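J.: Sequence:
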Amino acid sequence: MKNTMDAVIFCNDSSTVPEPLARRGPLCFLPVGNTPLLDLVLQSLSTAGVTRAFLVLDPVTVLSSEAEEQWREAEKTSGIEIEAIPYAGGILDTATRVRSHLGEDFLLLPKLSLAGVEISRIMGIHRRERNALTYYAARGNNGELHPSHAMCLNQAVMGLSPVMGVHSAPELVERIRQTAVRVNVCAEPLDALPVQGLGDLFSANMLALRGKLPQVRLEGKKIADGVRIGTDCRIHPSARIKGPVLLGNGCIVARNASIGPHVVLGPGSIVDRGALVRDAVTQEDAYVGPGEDMEKCWIGGEFLIRMANHEVRSVTDPHGLGTAPSAESAGESSACCAPARAHRLAALAGLLISLPALVPCCIAHVLKPSKRRIRTRLFVQHPLQATAPATSNTENEEELAAVDQPFDDESEPFHEDAVYETTRKADEDISASTASASSHNPSSTPELGFYHVLAGPPGSGFMPRSLPALWDVVLGRIALVGVEPLTPEEAAMCVEPWEQVRFAAPPGLVQPRHAFSSRPIPQSQKRAMEHFYARTRTVRSDIRLLFRAVLRRILG
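Counted the way the working numbering counts, the sequence shown spans residues 316 to 871.
The hints are simulated quantities; they were obtained by calculation from the structure and are not laboratory data.
Since the structure is predicted, the reported quantities are computational estimates derived from the model, not experimental observations.
From the three backbone atoms N, C-alpha and C, an ideal C-beta is built for every residue, glycine too.
Any given hint could turn out to be false.
[Claimed, not checked] Each computed DSSO-like pair below joins lysine-lysine, with the alpha-carbon atoms no more than 30 angstroms apart:
1. K557 to K537
2. K611 to K537
3. K611 to K527
4. K611 to K391
5. K391 to K426
[Stated by the list, open to error] Simulated DEER-style distance windows between Cβ atoms:
6. D547 to L378: 27 to 33 angstroms
7. T362 to P552: 38 to 44 angstroms
8. P401 to D547: 56 to 62 angstroms
Assemble the whole structure, with the sequences as input and the hints as a guide.
T.: This is the structure:
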């Protein structure tokens, strides 16, 4: 019969995690091999016979909705009942708070540890010999034995005054020894890896990739030596992957990208073309921009953390990982740029040609306004507030127009059964349509300013708000090509205009069936879309997108 026991696990190590990640939740929610650390710890404890666990968190820890969802998922997969308790200033001081809920003997993990089958062995020895304390000992560099971060205790030691207020495992063991209670030290070494911060967690990912952590089982299909990928991954044939590498579900590796060795990509991550990633861990929905060189770092959503010195860089700006487009990209975007006058003449011709087609839409709008309408707004720079943060998402100093209804784009889609079949054709299309806006000046620096919403440009007031303002095309103001449908609560959380926008996508990023659907777009895809659009947008492509939207509106 398996020995059952309750466990008290201390997870209050948020001070050892850089601030951006600490705000997301405790250390135990970060992944090892794309599996949250908490799941791995609970799975090993469930195998050993633990039925209930008390997780000790910092009193100031506030769990986000995402963290609470991971909490419930971990509880469901492990079968262990989980309850959170605040840290009370000492190891046994905290355990005393739940003393009435603990059995006569309980398991204590002063630090998060990825333990093996030895946990069940120490529980059996503790109960068989009826010890007050049973722990594994490890031999340090000086040859002396010191307690590991896994021990079994009897409730009899919790009432002893010398053990109260102790914060470390070695000091706790020494205090218990001084009380002359029965202490047993297991001779076998404990196959466990204590995780006391982001550095240990990064090392755990690297060890798991090399197969040196049997407690971590890497999910995914093995496609090459040391390379495992999840479901729905899309890898360009020219991409170079050198194991050991683990790709989560839905990852995208673009043309000429290089990944590995020792890389863990979280689900939904995107590595754009020409990027180099090695010795790195990314959380889900991370985006590595074109030509970026990422080495020995942890990419957690919108933050990049260098593991050498724990330097934190913000990557919330739309150009991916805190950098503007490279000089090569800027040259590529301006190489085939037609004269601005020709662009505007083409836009004016398009405006005159499309006016007769817009009359039925105007009448239909007046008689019966549509709920699915293409609404145009302008984000205009306020000249008096030059010190406010800029919210422009292109290098253009012109106004930005946002359109509420998603538009389609001209990108070549990925196929489900073939990876990048149309790569050559897509690259030719990109090269043919690559150009800057007519008002773009690569040598100028965007001016900081505050953007607010105006009713519309001169001449567009007589038009219904459900129609695109083609006058903006003539002035070269159209920059955004659609928005993702958001709930009012989600829209209220968006600060930058580009956060609400569905941009022109790189070839294959968005499936054709999702072009006009309300499917949520991951942040990694939004950053990839914006980066691609900033490098390749032209007024000519904006006109084509507007015409296609109007035709779709007329033809239904």
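J.: Does each hint hold? Answer for all of them.
T.: Cross-check of the supplied hints:
1. The hinted pair formed by K557 and K537 meets the criterion: a straight-line CA distance of about 13 angstroms does not exceed 30 angstroms.
2. With a C-alpha separation of about 24 angstroms, the suggested pairing of K611 with K537 holds against the 30 angstroms cut-off.
3. Distance check on the hinted pair: K611 and K527 sit about 19 angstroms apart at the alpha-carbon level, within 30 angstroms; holds.
4. Restraint check for K611 and K391: not satisfied, since their Cα atoms lie roughly 34 angstroms apart, outside the 30 angstroms limit.
5. Straight-line distance between C-alpha atoms of K391 and K426 comes to about 23 angstroms, which keeps the hinted pair within the 30 angstroms bound.
6. Checked against the hint of 27 to 33 angstroms, the pair D547 and L378 passes, with Cβ atoms roughly 29 angstroms apart.
7. Here the CB-CB span from T362 to P552 is close to 41 angstroms, well matched to the stated 38 to 44 angstroms.
8. Distance hint check for P401 and D547: the Cβ-Cβ separation is about 40 angstroms, which falls outside the suggested range of 56 to 62 angstroms.
The structure is inconsistent with the numbered hints 4 and 8, although it conforms to all the rest.
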